[in-house]
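Student: The residues making up each chain are set out below.
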Amino acid sequence: EVLLVESGGGLVQPGGSLRLSCAASGFTFSRYEMNWVRQAPGKGLEWISYISSSGATMYHADSVKGRFSISRDNARNLLYLQMNSLRGEDTAVYYCAKASDNYYFDYWGQGTLVTVSS
Amino acid sequence: QSALTQPASVSGSPGQAITISCTGTSSDVGSYNLVSWYQQYPGKAPKLMIYEGSKRPSGVSNRFSGSKSGNTASLTISGLQAEDEADYYCCSYAGSHTVVFGAGTKLTVL
Chain A
1 EVLLVESGGG
11 LVQPGGSLRL
21 SCAASGFTFS
31 RYEMNWVRQA
41 PGKGLEWISY
51 ISSSGATMYH
61 ADSVKGRFSI
71 SRDNARNLLY
81 LQMNSLRGED
91 TAVYYCAKAS
101 DNYYFDYWGQ
111 GTLVTVSS
Chain B
1 QSALTQPASV
11 SGSPGQAITI
21 SCTGTSSDVG
31 SYNLVSWYQQ
41 YPGKAPKLMI
51 YEGSKRPSGV
61 SNRFSGSKSG
71 NTASLTISGL
81 QAEDEADYYC
91 CSYAGSHTVV
101 FGAGTKLTVL
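As you go down the protein sequences, you meet chains A and B in turn. If you're matching positions, the first sequence starts at 1 in my numbering and goes up one per residue. If you're matching positions, the second sequence starts at 1 in my numbering and goes up one per residue.
It should be emphasised that the hints constitute simulated quantities derived from the structure, not laboratory data. For every residue, glycine included, the Cβ atom is placed at its ideal position computed from N, Cα and C. No incorrect hints appear here.
The calculated lysine-lysine pairs, modelled on DSS-like cross-linking and capped at a C-alpha distance of 27 Å, are:
{"hint": "1", "chain 1": "A", "residue 1": "Lys-43", "chain 2": "B", "residue 2": "Lys-44"}
{"hint": "2", "chain 1": "B", "residue 1": "Lys-47", "chain 2": "B", "residue 2": "Lys-106"}
{"hint": "3", "chain 1": "B", "residue 1": "Lys-106", "chain 2": "B", "residue 2": "Lys-44"}
{"hint": "4", "chain 1": "B", "residue 1": "Lys-68", "chain 2": "A", "residue 2": "Lys-43"}
{"hint": "5", "chain 1": "A", "residue 1": "Lys-43", "chain 2": "B", "residue 2": "Lys-47"}
Pulled a few chain A residues facing chain B out of the computed Cβ check, cut under 10 Å:
{"hint": "6", "residue": "Glu-33"}
{"hint": "7", "residue": "Gly-44"}
{"hint": "8", "residue": "Leu-45"}
{"hint": "9", "residue": "Ser-52"}
{"hint": "10", "residue": "Thr-57"}
{"hint": "11", "residue": "Ala-61"}
{"hint": "12", "residue": "Asn-102"}
{"hint": "13", "residue": "Tyr-103"}
{"hint": "14", "residue": "Trp-108"}
Label pairs and their calculated CB-CB ranges:
{"hint": "15", "chain 1": "B", "residue 1": "Asn-33", "chain 2": "A", "residue 2": "Gly-8", "range": "29 to 39 Å"}
{"hint": "16", "chain 1": "A", "residue 1": "Gly-8", "chain 2": "B", "residue 2": "Ser-67", "range": "35 to 45 Å"}
{"hint": "17", "chain 1": "B", "residue 1": "Arg-63", "chain 2": "A", "residue 2": "Thr-115", "range": "30 to 40 Å"}
{"hint": "18", "chain 1": "A", "residue 1": "Asn-74", "chain 2": "B", "residue 2": "Thr-108", "range": "36 to 46 Å"}
{"hint": "19", "chain 1": "A", "residue 1": "Pro-14", "chain 2": "B", "residue 2": "Gly-70", "range": "36 to 46 Å"}
{"hint": "20", "chain 1": "B", "residue 1": "Glu-85", "chain 2": "A", "residue 2": "Lys-43", "range": "12 to 22 Å"}
{"hint": "21", "chain 1": "B", "residue 1": "Pro-14", "chain 2": "A", "residue 2": "Leu-11", "range": "34 to 44 Å"}
{"hint": "22", "chain 1": "A", "residue 1": "Pro-14", "chain 2": "B", "residue 2": "Gln-16", "range": "39 to 49 Å"}
{"hint": "23", "chain 1": "B", "residue 1": "Ala-3", "chain 2": "A", "residue 2": "Thr-115", "range": "19 to 29 Å"}
With the rest of the complex left out, here is chain B:
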């Protein structure tokens, strides 16, 4: 149950696009198309942004998109806005009703 690997921080200017990677193993990310992404503001509960790799819940901006290749999943945010500045966590199913989270990525909007 090792945490998925995410960059500690990423940054971008308003209007730009950024991508956050999430690397797992053949036992989690690589085996299932069941990666989800969460946005978390300081002191707040996480919010679901992407599920099943690339699907957006109702109400989530289409500026957020997800993808996967092999053992690595990615979250892309296009048209960066100041309100996107937050922590982002990936999460993957890991078998036997268990999931594993990434260590988190702090997004800074310059």
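Just chain A, same shape as in the assembly:
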């Protein structure tokens, strides 16, 4: 059974940093591209980050470019999202999502809530 479990969310002040983790199991993690998708309270889904299976290629949405960084540890089956210079508009539930070969997300974690507030 594929399982994705996010952790690391919480309350952080504006300008602060946080690192999210996503523990993957039930599939060969190193073979698949991974993504982070977020959802602000009462709002829609927003794709924010992509990483290739090897970790060599990353892309970020304009809204987080230069502030967030996606990475992975294939030896430990872990996906990360380093979030710096956090703003109020970054408040959201953050989901990690396993990607298929054709850019659809077949498995999602349960999400972790990040609240940016003073």
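For chain A, the structure is supplied; the task is to place chain B on it using the hints.
Tutor: Relative to chain A, chain B alone:
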């Protein structure tokens, strides 16, 4: 990276069919047959319902179907059931390993 356009809400009675549209541009929906659809209940993670425009994952009811014409993709749910009441999001590949989501549609079963 502008969000795809979806109606904010649609509704239908049990047994009826409804269609949710998803309009993008020639840079996303119109360029690739890589539209996916997700169902989301309140407080839950999204669930994949349709991928590559019209394919259903194992376990998804055949009452759900997808199609595309030009820059607009559509999700049709036939034989509407109370359990279909949820939010639905479309998503399209937009090049360079990026995707864009629609703003979401709230489906109400009357």
